[in-house]
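Could you build all of it, start to finish, from the sequences and the hints given here?
There are 6 protein chains.
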Amino acid sequence: MKPTIVRTIPRAAAGAIRALGDLGVATVHEAQGRTGLMRPFMRPVYPAARVSGSAVTVSCAPGDNMMIHAAIEVCAPGDVLVVTTFSESTDGMFGDLLAVSCRAHGIVGLIIDAGVRDTADLTAMAFPVWSKAVSAQGTVKATPGWVNVPVVCAGAAVQPGDVIVGDADGVVVVPRLDADAVATAAQERLAKEEKTRARLKNGELGLDFYGLRQKLTDLGVRWVDSAE
Amino acid sequence: MKPTIVRTIPRAAAGAIRALGDLGVATVHEAQGRTGLMRPFMRPVYPAARVSGSAVTVSCAPGDNMMIHAAIEVCAPGDVLVVTTFSESTDGMFGDLLAVSCRAHGIVGLIIDAGVRDTADLTAMAFPVWSKAVSAQGTVKATPGWVNVPVVCAGAAVQPGDVIVGDADGVVVVPRLDADAVATAAQERLAKEEKTRARLKNGELGLDFYGLRQKLTDLGVRWVDSAE
Amino acid sequence: MKPTIVRTIPRAAAGAIRALGDLGVATVHEAQGRTGLMRPFMRPVYPAARVSGSAVTVSCAPGDNMMIHAAIEVCAPGDVLVVTTFSESTDGMFGDLLAVSCRAHGIVGLIIDAGVRDTADLTAMAFPVWSKAVSAQGTVKATPGWVNVPVVCAGAAVQPGDVIVGDADGVVVVPRLDADAVATAAQERLAKEEKTRARLKNGELGLDFYGLRQKLTDLGVRWVDSAE
Amino acid sequence: MKPTIVRTIPRAAAGAIRALGDLGVATVHEAQGRTGLMRPFMRPVYPAARVSGSAVTVSCAPGDNMMIHAAIEVCAPGDVLVVTTFSESTDGMFGDLLAVSCRAHGIVGLIIDAGVRDTADLTAMAFPVWSKAVSAQGTVKATPGWVNVPVVCAGAAVQPGDVIVGDADGVVVVPRLDADAVATAAQERLAKEEKTRARLKNGELGLDFYGLRQKLTDLGVRWVDSAE
Amino acid sequence: MKPTIVRTIPRAAAGAIRALGDLGVATVHEAQGRTGLMRPFMRPVYPAARVSGSAVTVSCAPGDNMMIHAAIEVCAPGDVLVVTTFSESTDGMFGDLLAVSCRAHGIVGLIIDAGVRDTADLTAMAFPVWSKAVSAQGTVKATPGWVNVPVVCAGAAVQPGDVIVGDADGVVVVPRLDADAVATAAQERLAKEEKTRARLKNGELGLDFYGLRQKLTDLGVRWVDSAE
Amino acid sequence: MKPTIVRTIPRAAAGAIRALGDLGVATVHEAQGRTGLMRPFMRPVYPAARVSGSAVTVSCAPGDNMMIHAAIEVCAPGDVLVVTTFSESTDGMFGDLLAVSCRAHGIVGLIIDAGVRDTADLTAMAFPVWSKAVSAQGTVKATPGWVNVPVVCAGAAVQPGDVIVGDADGVVVVPRLDADAVATAAQERLAKEEKTRARLKNGELGLDFYGLRQKLTDLGVRWVDSAE
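Residue numbers (my numbering), protein chains in the order written: chain A, 1 to 228; chain B, 229 to 456; chain C, 457 to 684; chain D, 685 to 912; chain E, 913 to 1140; chain F, 1141 to 1368.
Treat the hints with care, since some could be wrong.
Derived DSBU-like pairs (lysine-lysine); straight-line CA-CA distance at most 35 Å [stated by the list, open to error]:
#1 B:K443 with C:K458
#2 B:K443 with B:K423
#3 A:K215 with D:K686
#4 B:K230 with D:K879
#5 C:K671 with F:K1142
#6 F:K1335 with C:K458
#7 B:K230 with D:K876
#8 C:K671 with A:K2
#9 C:K458 with E:K1104
#10 B:K423 with C:K597
#11 F:K1355 with F:K1341
#12 E:K1127 with C:K597
#13 E:K914 with C:K657
#14 A:K192 with D:K899
Since the hints were derived computationally from the structure, they do not count as laboratory data.
In structure tokens:
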């Protein structure tokens, strides 16, 4: 239970990480059985933000960003910082200086269940960040925490080395050992969706080709011509 | 009380619907006596989104979008889907596939007191959507609901066939039978506002031409030169 | 305790106000000891909004914007309206007409712990506004209030004449008499940050040059190579 | 659309109103197809509060209780006041004086999508109240509204004369014309639940007698002995 | 701006403090022009809690209760601790040990815009506490703050030595120098209310004796006999 | 990833479970390094509720309680149900019938990150429940889920078999393998607190015996006699 920084973590294969990022949050979330999604209050700092990478997890005291500094040292290029606090906070724990430091170490993005600041700079740098809040509220460096232990971030459990995917729809966590299987399942899903899209574009109804017309009847729904 | 899908609804005149859309949410809301506005948590998926059309109402189980599929079949070109859930939900009940299907059937927009996903696609398609949340959370198709019954959406009562107007300021509902009268009243209001705008631009004070100076005095407000 | 409108307020020097605006919210907030920040729910109507100016404070009944009209008369060019309500409200108390009037009188921005509307117009006019909500909900002009008394706005105490700084990170209040000292301290901070940024860009770690490595050790944090 | 006070409303039969009150919110809500429930933020001022009666609806400006005074005059003994505001408010619009007045006129309870005060007095009087908030915030009597028009209260549509049932579980609205049918259906449900309760008390599983064991298997759920 | 502990504060007269406590929150709030009320999320830990006393203000880092310890030393018998945090927090910063210490020093209650714990003990001790949350979340003693400076607590500005009144309806702040005048005005109000209560009990209508019937007519409200 | 019900789980020793329950949430949370606490929105249905037991975890679709029925079968006497939903819900997924069934199977309590109903019955039965909401909203039995897999409940990670402790201060999770050590550490803490309580009762200051006076000085805090 003592505050600890774990230096090395296992990571998924780079190919799977890249593939998951290309597939996007909604498709990946569906492909892994609708699990792993963070709460919808996690929003990107700029709309075009996209990321995929290996989670380096950070657990901080509220209003204290000391452990983010400690975490940067143990990151490898391609990692994503996943930051939580012991209790809820919206303080601006991360800004342009930390983003410059992250970029210098190859860190590709930040997921933080708290606040960030210097958002104009983060946008100008195109450093992708998902947070619960934008806040200039400054933080201290006073209380120890943890790096690379299992955390809960925005309602999702994250293990160090899990794959994080973020885009305009939010953030999803793929367990490291499932990364390949989920990427494959998601690609199949995408191909199938492409066919569905073509049929829907043609005016076919989901009601028909998902078999919902019969299902609704079986469930006792009735169709009437008008309200009277 | 049995789950029901109503196939045909009355609609307002196309001219009134178009006029209300051109007038915009704030003006229409004022013109009908400051009624009919949905709660301010309803936000457009992209800032330039604008819509006006006839409401096809949909009442779904939380986390279940089956009835949206059922609703598309009964829509006519120019309709707007107005979707609610039996209890509060932020799940992503609508995404790019459903938007493609909507567009194929002439549906011009979506108002949903829940979540949506694939927001980058919705923006690229310029399919206007107002929602309570953006969330990739997937949904099932398991529980029956209603199409084209009176609903409450984001705090506003909506009858099937009511006129829905949405823009950057939110969403307002105009009762179908009031559409013409409200459009006329709103146009008059707009003309009057144009004159007010010119006077304000010239430096005249609302304090004076709204008669507030006297009113404040009557209400006992005093003017003093400085705090002491 | 009687409703009162105070006509004249003291103001900080124009140079300090301008300097604080150039420095931005996060830097100014840090430079004055991490005080004076409004709650993070205060968001700009458009992302590029920036403002600095002298606070003219307005305390209104919820859903009633009469006192904003009264406040415009007592503003001087360069002032910022700071509007609160007696109890929480998200109503759209300010829109394009009031913005036109503000601009005619040289008012440079609005901070409102309530709602605004006509946001497309405000954006087109580039009139900077920070608010708790966007809402078309119309308001009345019925209940008296106060202009230029001390208020609490979005959790921050504001005195008439305090300097208000707003940007993408939120809104900060600088006590009028501290404006020069804070501007100076913030400029020093900025210069120091510039050096820090260069070192971080070079790959140096905050862990090292903030002395956190030793501190973490002193606090009992241990480094381990892997989770086992 | 002009502010209006409707003097007379239709009411359900006293027997049905009493029966629905005895059955309680959860049972009534189930018996009418899981519809009509107000949002769960509506809480009783004291835990033992229970009410059933005919809705007299009131639509007020936020922070303004003038229309509650107007509504009391048109109430009959056995009525329940159902109060909403044009936009969200938590102000204390109702306190012990209004409760004394209500009691003098035979009004049996209050449902208010806003705040109340003097809660110690309301409890001592055993006057049942469900509200969104407890707040001492005082209100004005300045802006007109409506009495006995259709309203939306805490997410539920209410027509004047609908039956309101409130208890520790919240508040449910029964459409006036359905009152008898719902009361009968609810009594049947209660009888059935009594049998279910006896079986569950004996250790039988809902899994078995609701037929869920087979359903789960059909839906692809698998049972395993342990996590490995 | 440097963290500071102020040892001595001015206080209102004991008689006025006692009188304000006897009058209660709603009456005091009305008597001082409907100002000074804290937000309604401030709730007593047990329903019968009542307090009045002189404010000793404390401004803490979120998740850090060190300054509460510092504040106890400078309190006099009859004081009320008023605790805020630099940014929003619900952590349990105060529990039974601190309550024991408070009682030993004659402190009569706690108002905290954060969380408390050991609520069963606080109730058993009858130590009155109003808080935003109940949370067992532990806190550190690491970051300096302020004692006896002006603070904003739950939306209300508090000066050291102001009179704090708390009961089931919430918490109100009376500026120290106004304590006598407000107590007198509140007593007059109470006497008047007593007469109003008697008339209302007799069935007289507020509509009549507040003159609202005429006012509603002047404002354009119409009475109709039924909805048709 | 397929929906699964795990029949058997490991459990902590009965003695440790009982001891942790006696110690209470705040003490246990502190003793395990301030970890494992659920969010403070989890509140007991009645104030005197207390529980400790082994977690049987349940993951349900929002608005669907089918998996709770499935979970009861695999519970042993002394277990506590820990229920979450795939996405946020306040629906009343648990009521008196399920409580009767739980009691018949020796289940000692319920922790649910959603809503419950029949709260008067639950209180009368003294069946301890912690929930996010009280809501009569009925649920379906349509969508499969999981029993006895790792879950996140109200922000805390829970493994099947972890020890759950609940009281008036909230809910804390103790990892199964840590149960003995945490119970021992908590008992030591309690003993120490007893001595602290005695000293505080005597008027000693935490400022002194926690060594905070020196620490504050070291951190640069200054004491002044009065505000000027």
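Hint-by-hint comparison with the structure:
1. B:K443 with C:K458: holds, 15 Å
2. B:K443 with B:K423: Holds, at about 22 Å.
3. A:K215 with D:K686: violated, 46 Å
4. B:K230 with D:K879: holds, 25 Å
5. C:K671 with F:K1142: violated, 46 Å
6. F:K1335 with C:K458: Violated: F:K1335 and C:K458 sit about 54 Å apart, past 35 Å.
7. B:K230 with D:K876: holds, 20 Å
8. C:K671 with A:K2: holds, 15 Å
9. C:K458 with E:K1104: Holds, at roughly 20 Å.
10. B:K423 with C:K597: Holds, because 20 Å separates the two Cα atoms, which is no more than 35 Å.
11. F:K1355 with F:K1341: holds, 23 Å
12. E:K1127 with C:K597: holds, 16 Å
13. E:K914 with C:K657: holds, 32 Å
14. A:K192 with D:K899: This hinted pair holds, its Cα atoms lying about 28 Å apart.
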